[in-house]
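Sequences are here, hints too, so could you generate the full structure?
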Amino acid sequence: MSDNKKWYSLDLGQNKQKEATASCGCGKTEGSCNSQKTELSADEFYEAAINASIGEERHRDGFEQVFDVKMDRRTAFRKLTASLLIGAGAVSTSCSAVIDNKTKEKAQIDWEEQFKGNYKLMTDEEKQGTINRLMRSYELRTGKNISMTAENAEEDVLFGYAFNISKCQGYMNCVSACVEENNQDRNSQMQYIRIHEMKDGQGFKFDNADDNYYHEVPAEGHFYMGTQCFHCDNPPCVEVCPVQATWKEEDGLVVIDYDWCVGCRYCMAACPYDGRRFNWSKPEVPENEINKNQHYLGNRMRKKGVMEKCTFCVQRSRKGKNPACVEACPTGARIFGNLLDPNSTIRWVLANKKVFRLKEDLGTEPKFWYFMD
Amino acid sequence: MGRFKVLKSLVIDSLDTITKGSKKYHIWMGFLTLVMLIGMYCYSIQLDEGLSVTGMSDRVSWGLYISNFTFLVGVAAAAVMLVMPTYVLKDIDFKQAVLIGEGLAVAALIMCLAFVVADMGGPSVLWHMIPGIGVFNFPNSMLTWDVIVLNGYLFINISIPFYILFRHYQGKEAQKKVYVPGAVLSVFWAVGIHLVTAFLYQGLQARPFWNNALLGPRFLASAFAAGPALIILVLAVIRSFTAFRIEDKTIKKIAMIVTVAAQINLIMLASELFKEFYAPTHHSESAYYLFFGLHGKNALLPWIWTAIPLNILATVILTFGKFRNNLKVLYFCCFILFAAIWIEKGFGLIVPGFIPGPYGKIVEYLPTKIEIGVTIGIWALGAFVFTILAKTAIGIELGELRYKNKNSSDS
Ligand code: SF4
Ligand code: SF4
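Chains as they are written, first to last, in this note's numbering: chain S, 5 to 377; chain D, 5 to 415.
Worth flagging that the hints you see were computed from the coordinates, not collected in a lab.
Built from N, CA and C at the ideal position, the CB exists for glycine as well.
Mixed in with the good hints, there may be bad ones.
[Claimed, not checked] Heads up, simulated DSS-like pairs for lysine-lysine below, C-alpha to C-alpha not over 30 Å straight-line:
| no. | chain 1 | residue 1 | chain 2 | residue 2 |
| --- | --- | --- | --- | --- |
| 1 | S | Lys-363 | D | Lys-301 |
| 2 | S | Lys-307 | S | Lys-108 |
| 3 | S | Lys-308 | S | Lys-108 |
| 4 | D | Lys-301 | D | Lys-257 |
| 5 | D | Lys-365 | S | Lys-307 |
| 6 | D | Lys-365 | S | Lys-308 |
| 7 | S | Lys-110 | S | Lys-363 |
| 8 | D | Lys-365 | D | Lys-28 |
| 9 | D | Lys-257 | S | Lys-209 |
| 10 | S | Lys-209 | D | Lys-279 |
| 11 | S | Lys-203 | D | Lys-301 |
| 12 | D | Lys-373 | S | Lys-286 |
| 13 | D | Lys-28 | S | Lys-307 |
| 14 | S | Lys-120 | S | Lys-308 |
| 15 | S | Lys-308 | D | Lys-373 |
| 16 | S | Lys-363 | D | Lys-365 |
| 17 | S | Lys-131 | S | Lys-323 |
| 18 | D | Lys-27 | D | Lys-12 |
| 19 | S | Lys-363 | S | Lys-120 |
| 20 | S | Lys-209 | D | Lys-301 |
| 21 | S | Lys-203 | S | Lys-363 |
| 22 | S | Lys-252 | D | Lys-326 |
| 23 | D | Lys-253 | D | Lys-365 |
| 24 | D | Lys-365 | S | Lys-286 |
| 25 | S | Lys-296 | S | Lys-323 |
| 26 | S | Lys-203 | S | Lys-358 |
| 27 | S | Lys-308 | S | Lys-171 |
| 28 | S | Lys-363 | D | Lys-253 |
| 29 | S | Lys-358 | D | Lys-365 |
| 30 | S | Lys-171 | D | Lys-365 |
| 31 | S | Lys-203 | D | Lys-365 |
[Stated by the list, open to error] DEER-style ranges, computed between Cβ atoms:
| no. | chain 1 | residue 1 | chain 2 | residue 2 | range |
| --- | --- | --- | --- | --- | --- |
| 32 | D | Lys-332 | S | Phe-208 | 24 to 30 Å |
| 33 | S | Ala-223 | D | Gln-209 | 29 to 35 Å |
| 34 | D | Pro-135 | S | Arg-361 | 50 to 56 Å |
| 35 | S | Lys-148 | D | Gly-300 | 46 to 52 Å |
| 36 | S | Lys-148 | D | Leu-11 | 44 to 50 Å |
| 37 | S | Asn-356 | D | Val-367 | 35 to 41 Å |
| 38 | S | Asn-238 | D | Gly-156 | 29 to 35 Å |
| 39 | D | Lys-301 | S | Arg-361 | 54 to 60 Å |
| 40 | D | Val-367 | S | Thr-335 | 45 to 51 Å |
Laid out in C-alpha cells, this is it:
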C-alpha cells in the first residue's frame, strides 16, 4: 500500500498558500467565477449564466443551434447514430416549422441532453453548457427557475467526516435535513443516512441493531451510530462501474453522473457500507419542497433507473459550507472538514481522539471516522 | 459475387424451412410466440414504471434476471464440452451433436444479453457502454470484460457452424484448416466466459458469500453438468421428432461428461459446506441463511432443499453405468440435474450474496409476477431462436436444403 493512501501522513506544507487563495470553486481568479456570485438571486444568476455561456446563440432557434455547432467526428457520429436509433421523434419535432418556439427549444434540449458525454470527461465549457440546458429545461417545463452550478474541486482540499458516537442521541434530524437538502424521492422514502440503534453492553452489533425505529429517542439502554456513504479513498464502487458513471473527485468526493449511469447496480453490490441508493421508480418531490440550489453532481433532480448517494452535499461543501446533516445535528456529533487543513476541527479530532473506521480489513480506506468522548 | 447469391438463396431456403413444418411444430412456435408477447407486455410495464415492479430493492439489488443470466452463461459455455472432442480429438461420433450444441450456445447467449438488458435501469442509454462512442471502463470493471467475452463467444459460435453449414449447403466439405483454429479458440473462450462471469461476483470484497476462490471453479463444474444435460434432453427431442440420426453412443458419451462434472461439483459443494459450517465465522451468515434461514427469515429454504437432494440423487444414479445407459433413466436424471443446478447457480447463488446486507439487515427477496413474466418471455425467446437455428441446421445436414438442388429445379 503506497504512502499517499494514508491521507493523514500527506505532506501538508502547501497549506500556507491556501489562505491566500479565495474560496472559489471554479479555479479562476477573476471575478467572473460562479461560486462568488452566490449572493445573486436565482434569477439574476440564471441570466448571468446564460449570457456567459451561450450569449447571442440563445436568440436563435433550436434547429440553427444544432447544425451550427462545431462537432468533432465523434460527436457527429454519436448524434447521427443516435438520430437513427431513438432521436427520430425529436428530430421531426425540432424540424417542423409549425410548432412554437418553446416546444422546439424543449425538443432541442432533450436531444442534446440525451446524447451528451460523460460529465467526468467534459471541459468546463461543456459542463456549463449542460447545466444551462438543465436549468432552461426546468424553466420550460415548470415555469420556475432553479440555480444549478458545476463547481470543480478546489485545490488542497480533501473532505473528511467524523462521527461522535457518544454524542449521537438518534434524533434523526440529519436524516430529514438530508432528504430535504438533496431532493430525495419522497415516495420510496429514500434516505442516504441510516441511524443504527444498538444495545448498550453489546458493542457494535450491527446485526442486532435497528436501523428503522419509530419511537422516542434516546431510548433507555441504547446508543446510536450513523452510517452513509463513506467516500472511500479506495472505492470499490468506482472500480466496477462499466461506464465510469461514478468516480472520485480531486477533493475526495465520490460522485455519480446521473445522466451517464446505465443503472446496472454493480456499484451497489460492490459497496461494503450500504452507501448507495437506486431509483426503482421515478423519484418524486413536491414542487414546493424542491431545493432549488443545486449542483450537477449533487442534489439535482434524478430520473428513474439511476444510482444516487450521499455526496457530502457537494452543492454546499464546495461553497465552503457544512453538509446539511452536520448543520442539522442538534448534538454536535457530526464533524466535517478539510483533511489537508491542519487547523480544521476534523484534523484535531483525528489527532486527539481514538478514532476507528468500519471494516478496515477490506482496504477501502473510508474518509469517515468514528470516535467516542 | 457467387457467395452472395448462395447466401441469398440460403436465407430464402431457411426462411422456407422454418415456416413449414408439422402441426406440432406450428403449435410449438405459436406457443413460444404467445409467451414472448406476454413477456414483452410485462417488460413494457417495467419500462414504464421502472424496476420498482420487480421484487428487487436497495437491500437485494439483483434478483431473478441476474440469476438466470449467470446460469445461462454456464449453459452457453457447455457447448465447448462437445466442441473439444469433435474438432480437436477427431471424434466423429459427436459431429451432429456439436452443431446442436453450438446452436444452444447461441440461444443461451442471446438470452444472457436479453437478461442483462432487462435488468438495466436505463436501457435507452445503453450506448454509453459501446466502446468508442461511450466510455468503456476497461480493464477495471469486470462487467466490461464480460461484455467483451460474451460478444466474442457469440461471434465464434455463430461463425463456426455458419461456415460448416454454408459449405454443406453447397454440397462441399467444410475445410478443417479453416474451422479447427476457431474451434480451439472457442474451447479456451468458453472457459473464459465462465471464469470472467464468476469473477464478476468473486471480486467483490463487500460480499463474503461470493468472495471465495472456489466460486470460479465451481461455476465451471456445475456448468459442465447442466449444459450437456440440457443438450442430451434436446437431442432426445430432436431424435424423436426429426429424421436427424443421433446414435445412442453419442448420447452416452455426453452422459459420461455430465456424470464426471456432476461428481466434481458435488465434491466442491462438500468443500464449501465444510468451510462454512465447521468453523462458522461472521461471513458464514449468508450460507446459514441459504440452508437454514436466519432469524426466522427463510424464503430460500424450499428452493435449496429441493435443489440439493435432486442434485445428489441425479449424481448418484448417473454414477452407476447400468442406470446411466438406460436412456429413460438418463433423461430423467438430466432433467432433475438441470433443474437442481438452475436453482443452485441462479437463485441460490445471487440472492444470498445480498442477505444479510452489509450491516446485517435481512430483507428477503421474492420475484414478482411481472419479473417472472419477463423471465419466462426471455426463455421462450431462447427456445424460439434455438428452434429456428436447429431446424435450418438439421435441414442442411439431412440434405433437404441444398443450393444445387434449388438451382436445378428453378431452371
Ligand atoms: S461507502 Fe460505498 S458508495 Fe461510498 S465510496 Fe465507499 S464503496 Fe463507494
Ligand atoms: S448503476 Fe450506474 S453508477 Fe452504478 S455501476 Fe452501474 S452504471 Fe455505474
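Among all the numbered hints in the text so far, which are the ones the structure does not match?
-> 4, 7, 8, 9, 13, 19, 22, 23, 27, 28, 32, 34, 36, 39 and 40
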